Amino acid sequence: MTVAALGIDAGSTTCKAVAVDADGHSVGWRLESALPRVEAQTDALLVALALELGAADGVPVVATGYGRKLVRAATRDVTEITCHARGVFADLGTGGTLVDIGGQDAKVIRIDERGRPVDFAMNDKCAAGTGRFLEYTADRLHVPLDDLGPRSLAAPRAEHISSTCTVFAESEIVSLIAQGADVDEILLGLHRSLVSRIVAMVRGVGLTPPLLLSGGVARNDAIRELLGRETGQPVRLPSAPQLMGAYGAALLALELTR
Amino acid sequence: MNLPTTLSDLRVHGEHLLQFQVLGSTALRVQRLRNERKLGALRMGPDDVLAPPPRALARMQELMSRHYLEGRYANGVRKVAWVTSGAPWEPLEALGFFPVYPENHAALCGVRRRAEANCEEAEAHGYSRDLCSYARTDIGTVLSGETPVGRLPRPDLLVCCNNICQTVLYWYEVLAHHFDCPLVVIDTPFLYGEAQEHQVAYVRRQFDEELVPTAERVAGRTLDERELVRVMLEARDASQLWREVLDRSRHRPAPMTAFDGFLLMGPIVNLRGRRATTEFYRDLLAELDARVERGVGAVAHERYRVAWDNLPIWYRLSKLSKLLAGRGVNVVASTYTYAWGELAPLMDPTDPLGSGARVYLHPILNRSTGHKLEAMRTMVEGFSLDGVILHSDRSCKPYSLGQIDQRDQIVDTLGVPALLLEADHNDPRAWSEEQSVNRIEAFIEMLETAAS
Amino acid sequence: MHDTIPSRSGALAVAREQGRAIVAVLPYHYPRALLRAHRCHPIEVWGPPFEPGDLGALHFQAYTCGIVVKATSFLVREGFDRVDAVLVPHGCDALQGMGSVLGDFVAPTPPVLTFYPPRRARPADRAYLVEEIRALGRRLAEVSGHTPDEADWAEALAAEEAADAALADLYHRRGRLDVDDRRFYEVVRAREYLTAEDFTALAASLPEHDGAPDADGDVGLLLSGIVAEPLDLFDRLRAMGARVVADDLATGWRRVYPPSTLADPYERLADRLLAAPPDPTLGAPLDARAGLLVERLRASGARGLLIYDVTFCEPELFAVPVLRERVTAAGFGVLHVEHELGTTLPNQTLTRIEAFVETLR
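Chains as they are written, first to last, in the numbering used here: chain A, 1 to 258; chain B, 1 to 452; chain C, 1 to 361.
There could be a bad hint or two in this list.
Label-pair distances were calculated between CB atoms; the ranges are [to be verified]:
no.: 1; chain 1: C; residue 1: E186; chain 2: A; residue 2: Q179; range: 20 to 30 Å
no.: 2; chain 1: A; residue 1: G228; chain 2: C; residue 2: T328; range: 46 to 56 Å
no.: 3; chain 1: C; residue 1: T328; chain 2: A; residue 2: D139; range: 47 to 57 Å
no.: 4; chain 1: A; residue 1: P210; chain 2: C; residue 2: D81; range: 29 to 39 Å
It should be emphasised that the hints constitute simulated quantities derived from the structure, not laboratory data.
Just so you know, these numbers come straight off a predicted model, no measurement behind them.
Note that the Cβ used here is the ideal one computed from N, Cα and C, for glycine as well.
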């Protein structure tokens, strides 16, 4: 087991590193909550992973994510669009339409049969379509993050949330609570509103099956379920949805050695 | 020019003569000569991603600085008209008006990082942050008097033509309320398809019944037809030259970037109908021809050629230009700069008002979303483009609505990458550096992928 | 009095039975009698508020007016299948984008017609508007296959003008009507889709008080804006001890077109449209509009002006500071709130309105 390349994804919510061998198989990974000091955190994360796996010095590193320019050890930096496409393509062995919902961004990427992104769309700044939005409202409603999905799916009906702006949506939720609405139904409404924004982006880019889902929010069952229902397509998940950016980065780093 | 009749008039005229015509103009000429020398001596270093700007930039700066300098002393000496960027200027030029283009002034504030403060001033007076940032910058300037040009002259006349947006209609109502001066509205029905005769006749009638009589009354004299023909001729020649300037970027490598164009368009917007403007574009064209001849490109290593749709992001011009150039991307064309050149063929100096009615109905912003797609399609083909950046401008709804479909069509039917970039042309608070740079870089990676 | 007002679907069925072509009409100034003369029936589309808007978001950015996004969504989802044509009047840049995108890119089966009313009321505007109405008439004739003769015109003008008179009469009798605000606006807004005769009958059926109205303790408001949705707003206002005594709503008083005496039908329609109450989407001079609002505040006994705007509405938002200045100077309170077109009123908006009402007490 020799580490041939490393990829690091310095995201807005979490920081991830993946190591691959010469065949492009993942041989180890690490994931931490993002800290404000990106340089220090990414240095430490890479060192820890390299030590753990006994990686040699001078292994190529590709950085991606919001903090990618700050990763001092990086040989090159590449956007998450390209990295996610590459990672998911290698993991699932197919192109298609990838939905990646991260903390700060939601993106839809159309991946061709060679694993290259051919078109992409990202959420509007003022649209509530990101993981952070769910996290924020979960906190507001005192629901643990991991319960969001199951509780939404258990709701018999959905409250209607029409606002696309996070601030307005929160105010709408306050109104609904004041009217005695059921928390689970509010949650289902929120998930629906988020998924409908994502589906609009999918339609914009054009849905080339299969539909793939990655990013931290992929862990949320309700998102997966609703996305499948709304698009009429089965949703496929890679083995480690949160690590796809870092994995793709590691694969791109591996290419640098060739 | 109005002749002085009272003592205070004499003082005002004296200041105009001394500060503007003698001292200011001389100082600006000296400065321009120095700048021309400097620009002429600049050579591209090994690490430079951009060639030095055209030498003509120095002349442009002189023209614009002279213009804003004159503005400081214009009240009382010349009648001042504040007009929208798509307003029928030629009759006003022929009547001797001094023009102020609030949109251009707002852009200037944007480039000089003064727009935000002016926007905040307007917001403090109750103007919503969702309103056009040009309008907020301008209203803020009016309310605070703060401007990087020293002083803007008070208008004697407001002329608002809605061939660029409906926003100006409400904005100029606010100006009319504030300045209590005549407002002429030239209403140009939006062209969903081809222009119909009753629409052309309507615009013509407003020239005859509203614009010319009101302007004559304010100016205190009648419109000289021969002068109007002369002005129209200059305007047409300058527009034609501007179009040729832009078309030089069909060459590979392109001798100019659209970012240069955003600055060099100042005179065609603000000083249309003057001999000096026509001469300026003639010189610029000659300079670009020399570049083409020598094979000099504006971007050090031009690998990808893209178009820009919508207004520039004024407060990020140079950063964006360097970011793109650094990756070998040259923005060689834009629908925005083209707007002041593409109508030249419609201008008929023998029938200034008749042809003017058609000209002022046909700016790209007054035409359908399908027409704009066609314009971009033509650019992709004519300029051999590898991609298109569509600036989705919060502040400019008429330019932006339709871009989602336009972008999709460009990707689907032309097969080139296209990026919808969320921003605002003048309000830096609507700009998100992280997200935007990220998207631009992903777009460049796609250009690279498509080329590999 | 009708207990329930027929729905849009109900009105659509009635008009179909009468052999009329159905035209979905976007906000909001258009010559209604022209449609009737051409055997068309307009059903206006103002969202609807409950529409999720996802299909509209495929075409319009997040900073686009909610009415346009939701209406596009609604039409794509089901509206296009139910109508013979769509008419998009040019009221603002958002509606301009909608008309253009529908025609150029969405390209539905029913034809997309447009109509551009002038932004002033000068002789040139009048002459243009007459021609613009004629041009729209030609398009409508293609939709319904019917070109009106003199009798059609007489019938259409009589019916629509009677309905307009009934609407004006509702406002005239407002103080005497024994209905709450919610009911009043449900009826006013039924003009958006009922046939002229059904609306006239509905308006006439509203009961009047036997004695003096008993709402003296309430704080009277003049409500300005485009559309007062959700209708829940009126119940909330009543619970706060406020009532709407007059309005300057695009879905209300701004469409009380005065009668005309001109004989030629096209000129008559143009004449009425040009005489509409001051409206920014028709280019009404701001100072004149502000002056009239102050007069109406005084005449209606309102204590304050509530400006209730849909987000991103430039025609409305530009006027707010000058309206505030003039109305405050005249001694009235002013509150400006924005809302996203939807079915739930944000709590913060309600709190602000309630606090405003408290200051006026």
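Cross-check of the supplied hints:
For C:E186 and A:Q179, the hinted distance range of 20 to 30 Å is satisfied, since their beta carbons lie about 21 Å from each other. At about 55 Å, the CB distance of A:G228 to C:T328 agrees with the hint of 46 to 56 Å. C:T328 and A:D139 have their C-beta atoms about 40 Å apart, which leaves the hinted 47 to 57 Å range violated. With their beta carbons about 30 Å apart, A:P210 and C:D81 fall inside the hinted range of 29 to 39 Å.
Comparing the model with each earlier hint shows a violation of hint 3 alone; every other hint is respected.
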